[in-house]
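Q: Below are the chains, spelled out letter by letter.
There are 2 protein chains.
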Amino acid sequence: MKLYGYFRSSASYRVRIALNLKGLAYEKVPVDLVKNGGEQFSDEYRKLNPDALVPALIDVAADEPAVLVQSLAIIEYLDETHPKPPLLPPDPVDRAFVRGIAMSVACDIHPLNNLRVLRYLSRQLRIDEDGRNAWYRHWCEQGLGAIEAMLAKDKRVGRFCFGDAPTLADCCLIPQIANARRVDCDFSAMPNVMRINDACLALDAFAMAAPANQPDAV
Amino acid sequence: MKLYGYFRSSASYRVRIALNLKGLAYEKVPVDLVKNGGEQFSDEYRKLNPDALVPALIDVAADEPAVLVQSLAIIEYLDETHPKPPLLPPDPVDRAFVRGIAMSVACDIHPLNNLRVLRYLSRQLRIDEDGRNAWYRHWCEQGLGAIEAMLAKDKRVGRFCFGDAPTLADCCLIPQIANARRVDCDFSAMPNVMRINDACLALDAFAMAAPANQPDAV
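If you read the sequences in order, they're chains A and B.
Numbering-wise, numbering that gives the first Met the number 0 puts 110 at position 111 of the first sequence, and it's gapless, one number per residue.
Numbering-wise, numbering that gives the first Met the number 0 puts 54 at position 55 of the second sequence, and it's gapless, one number per residue.
Because the hints were derived from the structure by calculation, they are not lab data.
It is possible that part of the hints are untrue.
When the alpha-carbon atoms are kept at most 20 Å apart in a straight line, the in silico DMTMM-like pairs for lysine to aspartate or glutamate are as follows [what the hints assert, rightly or not]:
#1 B/Lys46 <-> B/Asp90
#2 A/Lys154 <-> B/Asp62
#3 B/Lys46 <-> A/Glu147
#4 A/Lys46 <-> B/Glu140
#5 A/Lys152 <-> B/Asp215
#6 A/Lys83 <-> B/Asp90
Covered by chain A, per the in silico footprint, the following chain B stretches (three or more residues, Cβ under 8 Å) [as the list claims (entries may be wrong)]:
#7 21–27
#8 71–83
#9 173–181
#10 203–213
Residues from chain B that keep clear of chain A, each with C-beta distances beyond 12 Å, as calculated [said to hold, decoys possible]:
#11 Val33
#12 Val97
#13 Cys106
#14 Arg115
#15 Arg125
#16 Asp163
#17 Arg194
#18 Asp197
Glycine included, each C-beta is placed from N, C-alpha and C at the ideal position.
Just chain A, same shape as in the assembly (with noise of 0.2 Å):
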């Protein structure tokens, strides 16, 4: 396998934890979003992924290696084609479940956080530091807020969102925190949450894809 990422970015950060879940050896080749106005707008990178978006994977092991975008989708083909351990439950109210979890972060919180809405803040609408800090925590603490409320009334939920074992929410949620804790979120309410993401955190899975753990930290 050969990821395309940033350290920072938490939709990478999402697949390096299901790569690692799945024990499968990858390559890292990061993309700078911030270097020179940013890497992933090159001509090179777009051929790869028009969005110039990362990440993006090539299977380099498949038959016809094809270059696979949006962080879920990834997760989704590997839990397809590596299905042990599965990232997702055998039934398809549960999987409804974990899934509603992970696009609650990827959908509702993610992106409105990432670096080219703020920097349409920044540039475009003169927002000034302070006020997109205000708006990054709001959409962390609504939107985590509101995970917190599914997981507190669920019987489902266990040391992990569903169970006793890491699936596709898990591999959200903790980049997710990840995020809010950079604007200094108030997690004093999301008991779950925290406790979830402790749990996550001592797996060597989730630690060793933590973003001061890649070779293009700074």
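With the hints as your guide, set chain B onto chain A.
A: Chain B only, in chain A's frame:
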């Protein structure tokens, strides 16, 4: 099936298309996102979905009817429990392609122009209507432009995003185009996107799911 949604919510629109493509009958329960500050914030609705977002689906025919949230998680559930006609192709690489397009819409475009975000721009950041429309257009044109580039270079694209039958990708793409039209997005460089939009809207499943054809349309 019981679908909690709002006529203009493009995430609800996606699920309506999927239910129609599957030929599944469903009861529509309107949740007015605008009236009285938004019915999604009522205690009653929050009990169903703590995220206070639409859509939510209850499969009343299931053994233990659960509330399912997040449009893409719901559509995957429908595809798993009612496999005909399939909304995802059988091959994992092709599934990743279809999911990639769906998630480009659901993770990179739609979250930036839904109602709660436009409200934050207006109320907290004091961005005027022109500024909000420019923001909306920016993310639509950038995101749909990237999807156009993906569609233009891929041989798997047919009458629809993948081959000659609608998939999850089309369920997401068409509602986003409806949104983009509302802010006069420039589609002139998107021939594939527009061709697929026309092909979809010619189908009853898509036409019947359109916002204007919902009972709560105003």
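Q: All the hints need checking, so say for each whether the structure fits it.
A: Against the structure, the hints come out as follows:
{"no.": "1", "hint": "B/Lys46 <-> B/Asp90", "result": "violated (38 Å)"}
{"no.": "2", "hint": "A/Lys154 <-> B/Asp62", "result": "holds (17 Å)"}
{"no.": "3", "hint": "B/Lys46 <-> A/Glu147", "result": "holds (13 Å)"}
{"no.": "4", "hint": "A/Lys46 <-> B/Glu140", "result": "holds (19 Å)"}
{"no.": "5", "hint": "A/Lys152 <-> B/Asp215", "result": "violated (31 Å)"}
{"no.": "6", "hint": "A/Lys83 <-> B/Asp90", "result": "holds (18 Å)"}
{"no.": "7", "hint": "21–27", "result": "violated (count 0)"}
{"no.": "8", "hint": "71–83", "result": "holds (count 7)"}
{"no.": "9", "hint": "173–181", "result": "violated (count 0)"}
{"no.": "10", "hint": "203–213", "result": "violated (count 0)"}
{"no.": "11", "hint": "Val33", "result": "holds (19 Å)"}
{"no.": "12", "hint": "Val97", "result": "violated (8 Å)"}
{"no.": "13", "hint": "Cys106", "result": "violated (5 Å)"}
{"no.": "14", "hint": "Arg115", "result": "violated (9 Å)"}
{"no.": "15", "hint": "Arg125", "result": "violated (10 Å)"}
{"no.": "16", "hint": "Asp163", "result": "holds (20 Å)"}
{"no.": "17", "hint": "Arg194", "result": "holds (18 Å)"}
{"no.": "18", "hint": "Asp197", "result": "holds (22 Å)"}
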